[in-house]
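Engineer: Sequence:
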Amino acid sequence: MNDEVLFNELTELAERLGISVRNENIGTEDSSGCGGLCRLEGKYLLILNSKATPEEKNQVMIKALKQFDLGVLYVKPFVRELIEGYTEF
Numbered sequence: 006m007n008d009e010v011l012f013n014e015l016t017e018l019a020e021r022l023g024i025s026v027r028n029e030n031i032g033t034e035d036s037s038g039c040g041g042l043c044r045l046e047g048k049y050l051l052i053l054n055s056k057a058t059p060e061e062k063n064q065v066m067i068k069a070l071k072q073f074d075l076g077v078l079y080v081k082p083f084v085r086e087l088i089e090g091y092t093e094f
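Going from the sequence shown to the numbering used here is simple: count from 1 and add 5.
You may find that some hints are simply not true.
[Claimed, not checked] Listed next, the in silico DSS-like pairs over lysine-lysine satisfying Cα-Cα at most 25 Å (straight line):
{"hint": "1", "residue 1": "K71", "residue 2": "K48"}
{"hint": "2", "residue 1": "K56", "residue 2": "K71"}
{"hint": "3", "residue 1": "K81", "residue 2": "K68"}
{"hint": "4", "residue 1": "K81", "residue 2": "K71"}
{"hint": "5", "residue 1": "K56", "residue 2": "K68"}
{"hint": "6", "residue 1": "K48", "residue 2": "K68"}
Everything labelled a hint here was simulated from the structure, so no lab data went into it.
Make the full structure from the sequences, and use the hints.
Structural biologist: This is the structure in structure tokens:
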């Protein structure tokens, strides 16, 4: 599966969970952060570094989505496997 298709699937899932997803220029020359999940005024916001690669953005999204109970939603099997099988190194 290509990174763009996966990105779209993860974005759709995040939005179904009530998480806003934004691409922002968050890096400086010496910053290597790819983004992350935060709460702002009681709502979840997933910020992705607009300069990150598609693969890095997908990893940030998978890590964030792993924190939520996906049992109540239909999630495409390949997406569910990626999220449930995700481990941080």
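Engineer: Going through the numbered hints above, which ones does this structure break? Give me the numbers in ascending order.
Structural biologist: none
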